[in-house]
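J.: Each chain, written out:
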Amino acid sequence: MFCEKAADLIRELQRINDGQLPAFNEDGVRQVLQETEALYEHNQADVHETKSGRTADLLPTIRLRHCCLLRNRRCVAAYLYDRLLRIRALRWEYGSVLPANVRFHMSAEELQWFTRYKKSLASFMRSLGGGGGLDLTQDMKPPKSLYIQVRCVKDHGQLELDDGTLVLLKKNTQHFLPRWKCEHLIRQGVLEHVIS
Amino acid sequence: MSESLSDNDISQEECQEDDMTPADLIAKLEEAWLNEKFSPELLANQSEVVECVMEQLTHMEQNLQRVKKGDAKAGIHRMEIDRIRFVLCSYVRSRLQKIEKFFPHVLEKEKSRSKGEPSLLSPEEFAFAKEYAGNTEDHMKSVALSHMPPILQTLDMLKAVPAPCLDSFVFLRVKERQENILVEPETDDQREYVVDLEEGSQHLMRYRTIAPLISSGAAQLI
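So the sequences go chain by chain: A and B. The opening position of the first sequence corresponds to residue 1458 in the numbering used here, with each subsequent residue numbered one higher. The opening position of the second sequence corresponds to residue 122 in the numbering used here, with each subsequent residue numbered one higher.
So that you can see chain B by itself, here it is in the shape it has in the complex (with noise of 0.2 Å):
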């Protein structure tokens, strides 16, 4: 789909990961914002994408500006960028959405990683979390928590706040084909069984279960 105006133009110093061509880069923007918005929890942050797509964009609308005005090429150049842009900001907003949704479990989450684990939020996510959780806490506390007697005015914000429904069905395709996926029984009559999902296939499955597959990378949820 990326074909720009001028390939030499893409910024080789910064964003050249392990060969990346532009189409490559856009396809992996498009596979992190599909999981994103169908996975019920939040999933690791791609903030590398994010920069290099957002450089990527500058590059093309620089070249845009060179056009001759009224050359058809220019609209739909015009357009590829609007799409790009669509679903850079869907990814990004998809993000924003569940930290605010969840911002006790995603904060606590973040509290108890280790040292060595990778954070799921960037740098720029986490203090807008801590700022969004001070705001609405701050909030509550001065509207309401504060004029109650003393044994009430702590309110636990993991309990208070849902968690992310991880039972939920979703749809994927498998990527990488995975051996003995053990499924959980449904009712009590089931029990619990183990399958092989092919490469190619598409299921409809508990998040749950296929959750450590979405973050390495061996199925898209679609």
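Extracted from the complex, chain A is given alone in its bound form (with noise of 0.2 Å):
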């Protein structure tokens, strides 16, 4: 039946629905496509027989066949800006460098959309106030305490505290420390919070 392909890229997405994005299906978007163009150049044919007088029988095919180019159009529409989404999601989660395995699952060109998109937010974030602008992705939760417990899950070298003090991350230890400077270091994954 037609449609079937563009309905699979749809279940696809549905059955990852934590937000993690899928590898870029390029065959399913192509036979979608395809199946497109192919119902087009029916209909075109179809169309000629009918206006040259021939028959009229061919207008509820016509139709039926105009619905699923609709319906394919729809389709693979959703598929791609549902994936922009999750795309734009990572930008937020994981900063300007998203990681290799993530970036193997996208196209180029959502490659491309991601660039101009953090491109976009940087110069927003800038221009905010008068002065250096203000970082939106730093500050997700509410402050809770003003110093926090971590440990190191990675060995990230020094860090240096606000009075001078130096602190090496090394993996394995724990440390308490001031909160806005380990939330960067929590989301990329080099701190873990821990919660007594």
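No lab work stands behind these hints, which were simulated from the structure alone. Please read these numbers as outputs of a predicted model, since none were measured by experiment. Relax, there's no trap hidden among the hints.
Computed Cβ-Cβ distance ranges for the label pairs, DEER-style:
(1) A:1556 <-> B:237: 43 to 53 Å
(2) A:1641 <-> B:275: 33 to 43 Å
(3) B:304 <-> A:1539: 32 to 42 Å
(4) B:322 <-> A:1553: 44 to 54 Å
(5) B:333 <-> A:1491: 43 to 53 Å
Computed cross-link-like contacts, EDC-like style, restricted to lysine to aspartate or glutamate with a CA-CA straight-line distance of at most 16 Å:
(6) B:219 <-> B:231
(7) A:1598 <-> B:201
(8) A:1601 <-> B:201
(9) A:1576 <-> B:245
(10) B:280 <-> B:258
(11) B:262 <-> A:1566
(12) A:1575 <-> B:221
(13) B:149 <-> B:172
From the three backbone atoms N, C-alpha and C, an ideal C-beta is built for every residue, glycine too.
Fit the two chains together into the complex; they arrive one by one in their own frames, and the hints show the way.
T.: Okay, here's the thing in structure tokens:
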């Protein structure tokens, strides 16, 4: 039946509904586009037949194919748009540099969209207020306490605190650090918040 | 809430709006923040509040540098700075999310606004919205639409992207007494009726009915 492949694309995204990005289904999209082209060509031929007055029986078929064309377009657009929303969420989750395994799942056009998006976001954040701007990707949660207990998951070298003291972030060490210094390191996966 | 280390240091020149104290400014920010968080549609921009709060934060940070290290007060002031910055970031993020979610509608509203009307978007937000729209439309075109038959190549974004649901229910607190608010019927059996909203009362109503009250400041979303 027509539009099966298009529905498959949607189902693929529905299956992974925790915001993760599956690999870009280039084959699937190409098949839908090919089906769309075939349907259109058949319709063109039938419209030509009808116009020449030979028969009016083709009208229901033409209408059916047209509905399928619209459905294919809607499904492909929804598939692409939903992926863009997931990619947008990645910028807020991971920062401007995406992990390699995520990048691997994106098509070249999606990488380009991501680059344009992060540039646009960066210039917006810079423009806030009079001075240097405001990093909106920080302060994602309301501050509960001033200092937090963190454990180091990976080696990260030295961290300088506001009063000049140096802290060595070695794997598996625990530290009691100011929250505002740790937030972005926690999101990058270098530190882990220890809730005792 | 806001008693910074030295009130004298707050910038007098740029952010003096009708003798607004720092406490008033933060209250205004919190009000804008709550309204924006709970409203289904994008509200009018408050970029002067954003700018003033950012100046305020800079001053507070500078004051904090001058305090003796280890002084207990420093911790409390640090906390206050973090809390204000969180509210500010959350407010701007809330607006950005709505701009991205409803980008064709936001841009359409901006296009069709008359000369005298104030804009919902700040100039920077407008630039961001246009870039986001352009980026997304270019992507759709290059991956799918340009490979489709001619009649299918233009996609009406206004129809494709859902508009904000103005009929969603919101909680509100009334700040100024309102009379004769017309409430639409919910079912076929009901008829429309009018209510008077007393000052200080709290209600759960459709956003559409009370939207003008929010933009005029007569009510606050909670």
